[in-house]
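Student: Okay, here's what each chain looks like letter by letter:
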Amino acid sequence: MSDCTSGNCGTCQPAVLERLGLKTDRWDFVVALAGNPNTGKSTIFNALTGLRQHTGNWPGKTIARAEGGFSFREKQFKLVDLPGTYSLLSASPDEEVARDFILFGKPSVTVVVVDATRLERNLNLVLQVLQITDKVVVCVNLMDEAKAHGLTVDCRGLARDLGVPVVGTAARQEEGIDDLLQAVFAVASGATVCNPYQLKYEVPGLRGAIETLAGMLRRAFPAVKQESWIALRLLEGDARIVDAVKARAL
Amino acid sequence: MKARIVTEDSLKHLYDAEYRRQPATAQSLAGTIGVNLDTAAQVLSELEATGLATAKDGGYRLTDRGREYAVRVTRAHRLYETYLAETGRREEQWHAAAEQMEHKITGEKLDRLSRQLGEPRFDPHGDPIPTATGELPPLRGAPLTECPAGWAGQVVHIEDEPQAGYAEVIAAGVAFGTRLRVEMADERSVHIDVEGRHIELSRLAAGHVTVAEAREAFDETVMRLSTLRVGERGSVLGLSPACRGPERNRLLDLGVVPGTVVEIDIVSPAGNPVAYFIRGASIALRNEQADKILIKKL
Amino acid sequence: MKTIEPEQIVETAERLRWQVPHNARDRWVELVYGEAARIAGRNVMQNGESRRLPWERKLDWILTSRWTGIPVMIGLFALVLWITIIGANVPSGLLASLLVDKGYLGLKELAAAAHFPVWLSGLLFDGMYLTTAWVVSVMLPPMAIFFPLFTILEDFGYLPRVAFNLDNLFRKSGAHGKQALTQVMGFGCNAAGVVATRIIDSPRERLIAIITNNFSLCNGRWPTQILIATVFLGSLVPPVLAGVTAAGAVLAVALLGMGLTFLTAWLLTGTVLKGEASTFSLELPPYRPPRILRTLYTSLIDRTLIVLWRAIVFALPAGVAIWLVSNVTVGGVTIAHHLIDGLNPVGVLLGLNGVILLAYIIAIPANEIVVPTILMLTVLSTGMTGVGEQGTGVMFETDDGSLLKLLATGGWTTLTAVCLMLFSLCHNPCSTTIYTIWKETKSVKWTTLATLLPIGFGVLLCGAVAAVWRAVQ
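Protein chains in written order, with my numbering: chain C, 3 to 252; chain G, 80 to 377; chain R, 6 to 478.
Since the hints were made in silico from the structure, they are not lab data. Note that the structure is a prediction, hence the values are computed from the model and not measured. Some hints could be false.
Here are the computed lysine-lysine pairs in the DSBU-like style, where the Cα-Cα straight-line distance is at most 35 Å [claimed, not checked]:
#, chain 1, residue 1, chain 2, residue 2
1, C, Lys-149, G, Lys-375
2, G, Lys-188, R, Lys-447
3, C, Lys-248, R, Lys-447
One-sided excerpt, in silico: chain C residues whose CB lies under 10 Å from chain G [said to hold, decoys possible]:
#, residue
4, Asn-38
5, Thr-87
6, Tyr-88
7, Ser-89
8, Glu-97
9, Thr-119
10, Asn-126
11, Val-195
Here a beta-carbon is modelled for each residue, glycine too, at the ideal position from N, C-alpha and C.
The whole structure should be built from the sequences, with the hints applied where relevant.
Tutor: Here's what the structure looks like:
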């Protein structure tokens, strides 16, 4: 069922992934790694794959998309490191790359890496990711740094509020990586079912328009879950989303 | 080629006059496109001869065919101005460049430009951009010169011709969407409060600005982030309308949204840029950017 | 219930867009951040007041204040360069003796033993092998030292502060503060500097940084500068002052490069790059202790070795070209002779000569081989004997004294030396860098501009200097 090689898995879209530059044979799950710049995303990537991608203390390091693989419980995982972005509103090419991959590539799991010392700023991206996919694991990284700054992060409380698994890590010390793998596996295999927190689209003057469009989208594409978000993008005149609706590629 | 440009500019004028419910005459046309009265009259009669316009009640009106043509040229002009604004060109350059490009981009290229810009609805002066089918929203607002002292509202349109008055408006930092309050108005000038700055506009310049009631009340305490001092804290009210395009999106993404608390973290050796503490991170902004972030001191 | 066509949805959206308030996007972002703040507030507990630790504040003050920021920066930069130059000397010498002296002779003997025809052994070993060996021994040690040092500063979080300190300077010429770092990176290698411009997220400023990176003297050009300054300019003054004069001349050229960077940035912003989008934002990340071993490993893998590999790939064909032009004869004379004669009038006009121009054409693949190629071609064209026993088309080293004599025989004057130093700063980027520029911009237009613009400056500068020089004399 969750086997990509058979070409009929319900979690990811082999054809789209191939168009996005990924070969789809040889692994069972595709995991996307998203996050703000400078959250230690590349360190997580290296910890999971054993690769030695350079990790600079510098925002916007990963521009080219890095890929790697790992296996866990006899399943093969493909890990795709998306460019670090502050949001998914496609204000820059990076953001567009990240968003398109999550929205159209439909990875089995999207891991959003957040900085425990700047949770508020990072949750902005998490909430946006939750609008377009429900298979998410939030990785609260830099727990060691948070501790040094006198911060305590309640991961269980976060998981309850966000409706997706939340794992605390300190990737530089390789702490919490096992828990992260467990959580990724659980979501990928369907053992954990996410119930992501949905934003209320309560922008003055926008609500009526979004409801109208969302209603139409629900009827035209019954399988689509992110109709309010798509409606918002249509109202913003997002060319990529307009095309996708026209081509029925949702 | 020259003749076509004159024709197209004239159609644009007729279209704009129709939108503003003002009569289009040889006189108004001559003033707008900068030709003498004889030429203007001649152009109008040519438009009539080719079936693009008809004479009616002492003025000229577009025929359906003429309107279709005018929509295309107006759309090209306003879209291209939007493009220039979104890609960071200075205000003074928009109009002249768009005047040239409106005669060159047509059809599919125009639609592509519109798509690329996210199908914008208004150009940077506040003029509505007609859709490919010619749809437009209703006109609103009144000239700033007619507003009494104490009146507050927001800019809904800025006329970009002639250049002299327009340049003064731009220099004052007034843009489409800017919130302002009239402090005093006399026969020579209009004094306004714009985002915490006091500005005197000549009546000529004020005549370029159309204003309308704003949804929310005018805020007295508004100031610019650039005036915040070390040790003070401010709360963001919003971004100035003069902050556009990628610049605006980037600031929003960084968390510069209403309610965000900001304070100065570090000042660079030259005093520009300044690093502000914004939602848990230290973000360096240049003074020109901080000028466009409106805050309230806490 | 009637089904809905996608086109209908898009049309409805078009119609509804007129009702959407102008600030809808602002409001939407505000809403998301509001929710984020609410959720974060519920799940994060702060013990104590400040989020920044006292030592971080203190360090920030030292590194960015008006009085200490700039001196600390210059000091650190000088230290990095000093460690690089001093540290690279020994391994460079070792590599040269191993690859150039022992390795080359060994290969030649092997070729003789295997009865290789002369042309084959010449092409393979005198041409390809020797050129590549030269590039490796000159290039590898400084890069293996410079890049890790640079990376350690980067990992620690210092480099964003440098960008912060210098942004004012770059802003005035229309560039981005982060360009300070890509220019410094260019001192190591321009190709690496061009790749590093990825940290600049505004398209216009990134293009400026790519196009002007070549004005940072790379480590392939430092040796040329130092050698020529020492041999020619150092010999003009009393021996006590020789060192200072040479160092001053090299520094002047490096500073001229920075000046040209700002000038070019300013010119580009006002002309070809007028319409490109531009934004500025710079996050100052918290300091993080660098992990030295990890840094050494990763910077060796993804900076040093990649750049070195590209340089080798481009040095191989250059070696072939050098050997061919100096050994293949047409009408009784080598191709090199023909080319030198043809280029000489242009060269003289620029205060240079045909040999230097030919060397720059052949040495497009790597700046490191410019000087050896010049020496070799000078020997070839003057028909001198007694230097470079290895034979024609073979690179060799020689000491300062005999170098001066050799070049003087080739018609060199102080003017030639000054113009060569200027031309070394202002000529096309090496082919590795050109290829990298193309890879990064994917644009023939910008690659061509980045390639030709420095030559334009070089021709103007050298031509002007030569004209004034000759007029004064």
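Student: Hint by hint, say whether it matches the structure.
Tutor: Hint by hint, here is what the structure shows:
1. Taken as a hint, the Lys-149 of chain C and Lys-375 of chain G pair is honoured in the structure, with Cα atoms around 33 Å apart against an allowance of 35 Å.
2. With a C-alpha separation of about 23 Å, the suggested pair Lys-188 of chain G and Lys-447 of chain R falls inside the 35 Å cut-off, and the hint holds.
3. The hinted pair formed by Lys-248 of chain C and Lys-447 of chain R meets the criterion: a straight-line CA distance of about 30 Å does not exceed 35 Å.
4. Because the closest C-beta pair between Asn-38 of chain C and chain G is about 9 Å apart, less than 10 Å, the hint holds.
5. Hint on Thr-87 of chain C holds. Least Cβ distance to chain G is approximately 8 Å, under the 10 Å limit.
6. For Tyr-88 of chain C, the shortest C-beta to C-beta distance to chain G is roughly 4 Å, which falls under 10 Å, so the interface hint holds.
7. The beta carbon of Ser-89 of chain C comes within 4 Å of a beta carbon in chain G, closer than 10 Å, and the hint placing it at the interface holds.
8. Hint status for Glu-97 of chain C relative to chain G: holds, with the closest Cβ pair at about 8 Å, below 10 Å.
9. Given the 10 Å rule on beta carbons, the hint for Thr-119 of chain C holds: about 7 Å separates it from the nearest Cβ of chain G.
10. This hint holds: Asn-126 of chain C has a C-beta 7 Å from the nearest C-beta of chain G, less than the 10 Å allowed.
11. With a cut of 10 Å, the hint placing Val-195 of chain C at the interface with chain G is violated, because the nearest CB-to-CB distance is about 31 Å.
Violated hints amount to a single one, hint 11; each of the other numbered hints is respected by the structure.
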